[in-house]
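Novice: Listed below are the residues making up each chain.
There are 2 protein chains.
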Amino acid sequence: MPLDESMIAEFRSAVGPEHVLTSPEDTLPYGFDGTATLRCSPGVVVFPGNTAEVAECVRIAGRYGAPVVTRGSGTGLSGGSVPVKDGVVLCLVRMDAILEVDPRNLTLRAQCGAITLKVDEAAAAHGLFYPPDPGSLKISTIGGNVAENSGGLRGLKYGVTRDYVMALEVVLPDGSIAKLGNGCVKDVAGYSLKDLFIGSEGTLGIVTEVLLKVLPRPAARKTMLATFEDMESAAKAVSAIIAAKIIPCTLEFLDGMTVRCVEEYAGIGLPVDCGALLLMETDGHPAAVEDEAACMVEIVREHGAHEIRTAKDAEEGLKLASARRSAFSALARVRPTTILEDVTVPRSALAEMVAYIAAVAAKHGLMVGTFGHMGDGNLHPTFLTDERNADEMERVHLALEEIVAKTLALGGTITGEHGVGLAKKMWLKRQMGDASYELMKLVKASLDPRGLLNPGKIFD
Amino acid sequence: MPLDESMIAEFRSAVGPEHVLTSPEDTLPYGFDGTATLRCSPGVVVFPGNTAEVAECVRIAGRYGAPVVTRGSGTGLSGGSVPVKDGVVLCLVRMDAILEVDPRNLTLRAQCGAITLKVDEAAAAHGLFYPPDPGSLKISTIGGNVAENSGGLRGLKYGVTRDYVMALEVVLPDGSIAKLGNGCVKDVAGYSLKDLFIGSEGTLGIVTEVLLKVLPRPAARKTMLATFEDMESAAKAVSAIIAAKIIPCTLEFLDGMTVRCVEEYAGIGLPVDCGALLLMETDGHPAAVEDEAACMVEIVREHGAHEIRTAKDAEEGLKLASARRSAFSALARVRPTTILEDVTVPRSALAEMVAYIAAVAAKHGLMVGTFGHMGDGNLHPTFLTDERNADEMERVHLALEEIVAKTLALGGTITGEHGVGLAKKMWLKRQMGDASYELMKLVKASLDPRGLLNPGKIFD
Chain X
1 MPLDESMIAE FRSAVGPEHV LTSPEDTLPY GFDGTATLRC SPGVVVFPGN
51 TAEVAECVRI AGRYGAPVVT RGSGTGLSGG SVPVKDGVVL CLVRMDAILE
101 VDPRNLTLRA QCGAITLKVD EAAAAHGLFY PPDPGSLKIS TIGGNVAENS
151 GGLRGLKYGV TRDYVMALEV VLPDGSIAKL GNGCVKDVAG YSLKDLFIGS
201 EGTLGIVTEV LLKVLPRPAA RKTMLATFED MESAAKAVSA IIAAKIIPCT
251 LEFLDGMTVR CVEEYAGIGL PVDCGALLLM ETDGHPAAVE DEAACMVEIV
301 REHGAHEIRT AKDAEEGLKL ASARRSAFSA LARVRPTTIL EDVTVPRSAL
351 AEMVAYIAAV AAKHGLMVGT FGHMGDGNLH PTFLTDERNA DEMERVHLAL
401 EEIVAKTLAL GGTITGEHGV GLAKKMWLKR QMGDASYELM KLVKASLDPR
451 GLLNPGKIFD
Chain S
1 MPLDESMIAE FRSAVGPEHV LTSPEDTLPY GFDGTATLRC SPGVVVFPGN
51 TAEVAECVRI AGRYGAPVVT RGSGTGLSGG SVPVKDGVVL CLVRMDAILE
101 VDPRNLTLRA QCGAITLKVD EAAAAHGLFY PPDPGSLKIS TIGGNVAENS
151 GGLRGLKYGV TRDYVMALEV VLPDGSIAKL GNGCVKDVAG YSLKDLFIGS
201 EGTLGIVTEV LLKVLPRPAA RKTMLATFED MESAAKAVSA IIAAKIIPCT
251 LEFLDGMTVR CVEEYAGIGL PVDCGALLLM ETDGHPAAVE DEAACMVEIV
301 REHGAHEIRT AKDAEEGLKL ASARRSAFSA LARVRPTTIL EDVTVPRSAL
351 AEMVAYIAAV AAKHGLMVGT FGHMGDGNLH PTFLTDERNA DEMERVHLAL
401 EEIVAKTLAL GGTITGEHGV GLAKKMWLKR QMGDASYELM KLVKASLDPR
451 GLLNPGKIFD
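Protein sequence lines, in the order shown, are assigned to chains X and S.
Taking the UniProt record's numbering, the leading residue of the first sequence gets 1, the next gets one more, and so forth.
Taking the UniProt record's numbering, the leading residue of the second sequence gets 1, the next gets one more, and so forth.
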């Protein structure tokens, strides 16, 4: 059903005609995000330039009863910004200003469309640091990060996006504008609505501005890489590091298959016969970094690491880290369709989970490479497949079902950092249980009674 | 109106008659918490022994339409656990077990009634650390801490209770039991209902069990104390410490009036002619602690500190810290009624706020001592008054109104760590704005449509 022409005229008048796209060739790029196999054609894509225009667009859509899907750069990995067929897309990339860095209060204020990397660069100009570093940080927007509560490689020590959001400006489903939170380090006045909105994937409101906490930039950093015979040894080394009272900023792993793909892709000189690779990074006071790095090297050696490399400087550190940063791209080039999963288990169950995934893939005759955040228990099993092959896709879905069942049996979650979106909503109720799931639906129904914001996401 | 006898019989049958109190002399101690001037007599006090009994009690009260107020040790400072007249009090102190410490996953599971200090002691037995340390930690319960999102002296570096809650078991207003969150370090499956419940002051559900994140215990700690001519100099020193990229675990202040009361009370040997005292603590890697401590001493000296003391060992560190820990008790003994406030401003506005409070007190002829968390911008102006003197109380209320207006003008919050409860609800809407306040009411109405859980708290 094509959209009402008078609604489109209202959008043009609200944001300027040059900021409204309607032709199929123009709107096509806004029909998908970073998630494989999910796409849908929107009816109109609108680019508001400020909060008042976002609010006006929401009110216009509301008057016509049109569903609204908000997006930033579209790097999401759970289909959270895939449009509703013939619906409205609000794309917020024009609102990309860094508004203020306040070193005295250790805060940074930005519009929703600011690129994550630019946020950290703006902080760095004052010797400050915005820790969350999702894989897509070079193109993802901070508003999208908040909507998804994005993680990253430094989660073990520094936490995730939620831990850095002090306040939000949001446009509500009725087009009103609310401020949630404030610039105080501590605040317990009323419910933490800010926390309800973080990670709500655009289903409760539209984030238009953020006030972020930033930290002093660590004075030193050391990057190391170790390879192991198998994942079990790597996992035991990680447990021993934690038991030694060290919380490194990064403890990432690649399985053997991923190591081989990365080596073929990037030529870093990784040993391609290993069963697991561990990327370790510690940061902070120089003496603490030296001690922790030495201690981690000792521990991985005791746990049978084959090869241990310590970066001599920041440049070499980045090169070692690129082994992990390029994992997804390296895997993605092997076959036409890449299905990236995001299950997470308590840290102590990670080795068991990795072994289980490999066994399930073998059983179903599938190619899977697994990498992820070992310190966080957050795995990214990545199926290398071909969506044109119906039989193989069927086996992928069977394998995913088994992986999800095992994850939940281990007390895990279906998504550690990618969100539920369209891709995982069929499993959400099983994870949460009836009481929590119904509670969540109550909240959605009370805040967005007509269900116009990002309909079909999160909930079945 | 006395309570329905058959409801009381049902409570007796649910939890055992020995766990139900109804006579006025027995229920009297449950009629107030740590907040001055607020009290009310409950009709019945029930002590459930486990989650199923809590749920059964909520269902019983629901059938009779009786309001339920939950409490732990009753150390709250905003009247959040003051009963409804002739209503039901659920007191959860029997549910005080530490259920599990899991060093591999850095988690600790406890029942809601576990004492905060016992939680940290259980962690310490494994070399671990539960950082949030509210002033009442020797008697407060962890469930109460979660309900209020309690802070403490280490908030600047370590955050508050919210930052350590991974999962909750809660009893909902209809008596059903929900699990919110899980044991994963990262989890973005659905709305963060856990975060909605943390700090909701018992108005959305009853926390019965918590899964907490714990950290490795810092290897070293150093405590220092410095006195200044005035608060402005102390505040500038704090700004310079932050600008030097140091985030100490503690940066606490006392104003001159509080210093004199503390010295009279505890005889620590503090210089009673100073205008401000700063308590500083750094913890972590021994080398980092040495460096940071030396740097902080240098900075406070440059900012005109009169006297600087560095604790030689942990014992002396505790003695210096007692200057701050005993501030409230020292002030409380001066006059019959102690009204402890909790306004918080962005860190950079703290000195201005302290000066404003002193000026307002002088204008209204009131005694006030101010202490608090300088690094967090969290102040505790403490009015020393007498509730039997109506004229003086009127002036206290005028002064509080002016302090709140100034706080909000500076972008602050009416409560940094004590909660809204009964004591601050008249100011909440002014702080939040209409849109956020209405949103919060929507959430309450959808989760507790009959308004039976902790009625009259938070909302006017």
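These are calculated hints, taken from the structure and not from any lab test.
Be aware that one or more of the hints could be misleading.
No copy is singled out in the list; a pair is fine if it fits within one copy or between any two copies.
To be verified - Okay, derived cross-link-like pairs now, BS3-like style, lysine-lysine, Cα gap no bigger than 27 Å in a straight line:
hint : residue 1 : residue 2
1    : Lys319    : Lys429
2    : Lys157    : Lys441
3    : Lys213    : Lys157
4    : Lys429    : Lys213
5    : Lys444    : Lys179
6    : Lys444    : Lys425
7    : Lys118    : Lys138
8    : Lys312    : Lys406
9    : Lys406    : Lys179
10   : Lys319    : Lys363
11   : Lys157    : Lys363
12   : Lys179    : Lys213
13   : Lys179    : Lys245
14   : Lys236    : Lys406
15   : Lys441    : Lys179
16   : Lys245    : Lys157
17   : Lys425    : Lys236
18   : Lys444    : Lys429
19   : Lys444    : Lys85
20   : Lys319    : Lys157
21   : Lys213    : Lys406
22   : Lys245    : Lys312
23   : Lys236    : Lys213
24   : Lys444    : Lys118
Predicted model, so just to flag it, every value in this text is computed and none were measured.
Novice: Hint by hint, say whether it matches the structure.
Specialist: Here's how the hints hold up against the structure:
no., hint, in the structure
1, Lys319 with Lys429, "neither (41 Å within a copy, 52 Å between copies)"
2, Lys157 with Lys441, "neither (33 Å within a copy, 36 Å between copies)"
3, Lys213 with Lys157, "both (15 Å within a copy, 12 Å between copies)"
4, Lys429 with Lys213, "between (33 Å within a copy, 25 Å between copies)"
5, Lys444 with Lys179, "both (19 Å within a copy, 18 Å between copies)"
6, Lys444 with Lys425, "both (15 Å within a copy, 26 Å between copies)"
7, Lys118 with Lys138, "within (8 Å within a copy, 45 Å between copies)"
8, Lys312 with Lys406, "neither (41 Å within a copy, 53 Å between copies)"
9, Lys406 with Lys179, "between (40 Å within a copy, 19 Å between copies)"
10, Lys319 with Lys363, "neither (35 Å within a copy, 64 Å between copies)"
11, Lys157 with Lys363, "neither (36 Å within a copy, 48 Å between copies)"
12, Lys179 with Lys213, "within (16 Å within a copy, 29 Å between copies)"
13, Lys179 with Lys245, "neither (39 Å within a copy, 30 Å between copies)"
14, Lys236 with Lys406, "within (21 Å within a copy, 55 Å between copies)"
15, Lys441 with Lys179, "both (23 Å within a copy, 15 Å between copies)"
16, Lys245 with Lys157, "both (12 Å within a copy, 18 Å between copies)"
17, Lys425 with Lys236, "neither (33 Å within a copy, 51 Å between copies)"
18, Lys444 with Lys429, "both (15 Å within a copy, 23 Å between copies)"
19, Lys444 with Lys85, "within (21 Å within a copy, 34 Å between copies)"
20, Lys319 with Lys157, "within (21 Å within a copy, 31 Å between copies)"
21, Lys213 with Lys406, "between (36 Å within a copy, 23 Å between copies)"
22, Lys245 with Lys312, "both (25 Å within a copy, 25 Å between copies)"
23, Lys236 with Lys213, "between (34 Å within a copy, 21 Å between copies)"
24, Lys444 with Lys118, "neither (32 Å within a copy, 38 Å between copies)"
The structure fails to meet hints 1, 2, 8, 10, 11, 13, 17, 24 from the earlier list, while all remaining hints are met.
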